[in-house]
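Participant: Those sequence lines, one after another, are chains A and B. No gaps in the numbering here: position 207 of the first sequence is 675 in our numbering, and each next residue is one more. No gaps in the numbering here: position 51 of the second sequence is 643 in our numbering, and each next residue is one more.
Calculated directly from the structure, the hints in this document are not laboratory data. Hints are supplied without guarantee of correctness; some may be wrong.
[Stated by the list, open to error] Keeping only pairs whose Cα atoms sit at most 27 Å apart, straight-line, the calculated DSS-like set for lysine-lysine is:
id, chain 1, residue 1, chain 2, residue 2
1, A, Lys649, B, Lys708
2, A, Lys781, B, Lys864
3, B, Lys841, A, Lys795
4, A, Lys782, B, Lys864
5, B, Lys903, A, Lys781
6, A, Lys724, B, Lys708
7, B, Lys781, B, Lys714
8, A, Lys787, B, Lys708
9, A, Lys795, B, Lys665
10, B, Lys714, A, Lys784
11, A, Lys564, B, Lys665
12, B, Lys781, A, Lys724
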Amino acid sequence: MIVLANIISLTVIFAVPLLLVALGGMFSEHSGVINIALEGMMIIGALFACFTLQAFDQSGFGPAHPQLAVFLAILVAGACGMIFSLFLAFAAINLKADQTIGGTALNQFAPAFAVVLTWAIQGQGLTTIRIPTWVRITRETLGLAPAEGQSFFDTLFFKYFYLTTPLAIILLIASYIVLYKTRFGLRLRACGEHPQAADSVGINVYRMRYAGVLISGFLGGIGGLAYTVAAGSGFNSDVGGYGFLALAVMIFGNWKPLPILGSAVFFALFKVIAAYNSTLTFLPDFKGVQDISNLYQMLPYIVTMIVLVFTSKKSKAPKAEGIPYDKGSR
Amino acid sequence: MAEDFVIEMLNITKEFPGIKANDDITLQLRRGEIHALLGENGAGKSTLMSVLFGLYQPEKGVIKKDGKEVRIKDPNDANRLGIGMVHQHFKLVECFTVLDNIILGVESTKMGFLQKDAARKKVMALSEKYGLRVDPDALVEDISVGMQQRVEILKMLYRDNDILIFDEPTAVLTPQEIDELMEIMRGFKAEGKSILFITHKLNEIMAVADRCTVLRKGRYMGTVDIADTTKEELSRMMVGRNVQFVVDKKPCEPGDNILEVENLVVPSRIHKNNAVKGVSFNVRAGEIVCVAGIEGNGQSELVFGVTGLEKATCGRIRLCGQDITNARIRDRSKAGMSHIPEDRHKHGLVLDYTLGQNLVLQRYWQPQFQNHGFIRSGEVQKYADRLIQEYDIRSGQGAATIARSMSGGNQQKAIIAREIDKDPQLLVAVQPTRGLDVGAIEFIHKQLVAERDAGRAVLLVSLELDEVMNLSDRILVMYEGEIVGEFDPRTTTVEELGLYMAGGKKQKEGQA
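Make a model of the complete structure from these sequences and hints.
Facilitator: Set out below in structure tokens:
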């Protein structure tokens, strides 16, 4: 039972960054801009958020008000992701650059920048930014009595519980409402489907696309922090390809919030199996294969490819995504 | 002021790189009239309307609403002045519902949340009042083109526009839908709304318009009252010379068999059955054979089979005696087949290539145009310039123009130039004049007849009975994938053809 609780809570904690980042990608693509730079936005968000946490830790503010400090770090992550996404927005919208190339450039830039900044602040060779332990939500945080021993529910809820988890659920619901129930959402989707139509009814396509990209930067940055706390050991200028995995989650989720939730959980589950296969005793061990863990570690990526092969035909991407909008063209 | 003009566009000039789309054009719209704007493809009609709608800013000229000068910087300004437009290419988001499309841009909200109930009521009421019969909850991608146009009309009505611009509204409609649209337009006129009706179809203008302003190559040619004019006069104003509605041609002198088709069977791309069910015919040198029929009776698939776009499952095709049933498209082309395809955007041109590149698509591999795999762009340029000259292909930047930016008539001329210049034995032309204006139609008809007179075999597929009667030397009528009759245009009538096309009659085997 404890194993099951472990798997569920691990799945949730890894689904959270996938969910956030895929939602971010969804906003960008619904506005008509392909955001391949999600990976980079995660790195930048995580980088600055981790520095913020470290600063809070050293100043004593963090240990004193842990969840408030985490919340502020989340805001920093979102804001920095947003600022970083401005580069993509400017290139894709104002300069009408190829969005894939622009995004790739940002992805190359982000980890290099993170390494340089980490070394500059922490000193040569210190590549990891440690995350303080008070970040995790514990029973004490919620004012509950300490648990006695290991119980199912205790493992399920409190083993890996961070502020990003409830926040992701709130942002998921908010994304759904914004996209389908508000004027902003209607206009945003129109810009990704048929920008000429949006323009002809007086919607400023450029502004809506900026909004879409900035939201994706915000969510991507938060997703970067969410990944880092989930990964545990600290920030190494790297988010493990989750930005790209999130793109697959978004496509598998058909650019819709609720299916994205489902596919984020699905992918996270495979990630967990990959990462913890040695401790999951019920998995087949394929007698005769030398190092079985390699096989399991490949699993999420193989599943991604297979799933995309079968779903990409049916998937309905926003029609105008990836095409720079030019007022003059007919 | 003597006359009550609701909109005046005075001395409008609008330039694009390399082309003066509007040169000193004046258009005055009276309150409560249907005013036609007539001109060939590329005459500047759409540009002028885009200026009025705020999509383009003119270099010179003023726009007046009710006698007062106004500036229209974007569609919002136009909307505020009560100007609405049904665009030639609909501006509808396909995966949205009808209602969402109508309210887009003028949504009523409460704290940012959409409030659709009042909008739905208003749309239903308008739809009822003008007999538009539109379901507000249907997805746009699921409804017919005619219905989509009504959604565009409802968009204008929902915004309380009283100056309605229709940009070539009938090009995409069936004859019955056109009649209904005319009725709707008369209804608006009776309500006191003013209508600008852009078209190049003279019959429609004569049927519904009060006055007509004519443009030619970006210039203003004049405004006439429809009551005092004729079709011939309008077409003269539009094209600048007398237009022949009937093509002169010498009697047909057929030679050897060029194309022989035996028992051809071609599967359909839409449904599981065969679209062409065992068709046999031949086309001889020096004759135009026309395949007539109502759309969707296998004509397109017949051409796919002959040209190689679709694999024939049964039967035999011979071109100049050579069996080409399973030949590659390139080999068919080399054997002397030219193809003017039905869908010029999909099969005729690479839209994002330049005009020059499109013109050498059928021969870029020839030694004249390549050297060890490298394109000799100087030769391409020279060749393209010659064709542009000979076939009068008009474009902004000559051979360097991107095909997508050209008007439909000139795109079609480019295809015809390319296909005819490769000196084919057989020319397959599918609806070569669809969507084109009278000047371009006349040009294309003359080219086809000239090819016939030069001893080529021409296989023409057309839905327009006028064109069929006018051009062909022999007529084959197709119905449900079979050839149901063969006719001589000199001895048959449109009525008789219509009877066969609708499946009412069938000639016996052997007679056909």
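Participant: Hint by hint, note whether the structure agrees.
Facilitator: Against the structure, the hints:
A C-alpha spacing of about 10 Å is found between A/Lys649 and B/Lys708, which places the hinted pair at or below 27 Å, so the restraint holds. Of the pairs offered as hints, the one joining A/Lys781 and B/Lys864 holds, with about 21 Å between alpha carbons and a cut-off of 27 Å not exceeded. A hinted pair counts as satisfied when its Cα atoms are at most 27 Å apart, and B/Lys841 with A/Lys795 does not qualify at roughly 47 Å. With a C-alpha separation of about 21 Å, the suggested pair A/Lys782 and B/Lys864 falls inside the 27 Å cut-off, and the hint holds.
Proximity of B/Lys903 to A/Lys781 is assessed by CA-CA distance (about 24 Å); at most 27 Å being required, the pair is judged to hold. Of the pairs offered as hints, the one joining A/Lys724 and B/Lys708 holds, with about 22 Å between alpha carbons and a cut-off of 27 Å not exceeded. Of the pairs offered as hints, the one joining B/Lys781 and B/Lys714 holds, with about 21 Å between alpha carbons and a cut-off of 27 Å not exceeded. Using a Cα cut-off of 27 Å, the hinted pair A/Lys787 and B/Lys708 holds, with the two alpha carbons roughly 25 Å apart.
About 13 Å separates the Cα atoms of A/Lys795 and B/Lys665, which keeps this hinted pair within 27 Å; it holds. The suggested pairing of B/Lys714 with A/Lys784 is violated, with an alpha-carbon distance near 31 Å, which exceeds 27 Å. For a cut-off of 27 Å, the pair hint linking A/Lys564 to B/Lys665 stands: about 23 Å separates their Cα positions. A distance of roughly 44 Å separates the Cα atoms of B/Lys781 and A/Lys724; the hinted pair therefore is violated under the 27 Å criterion.
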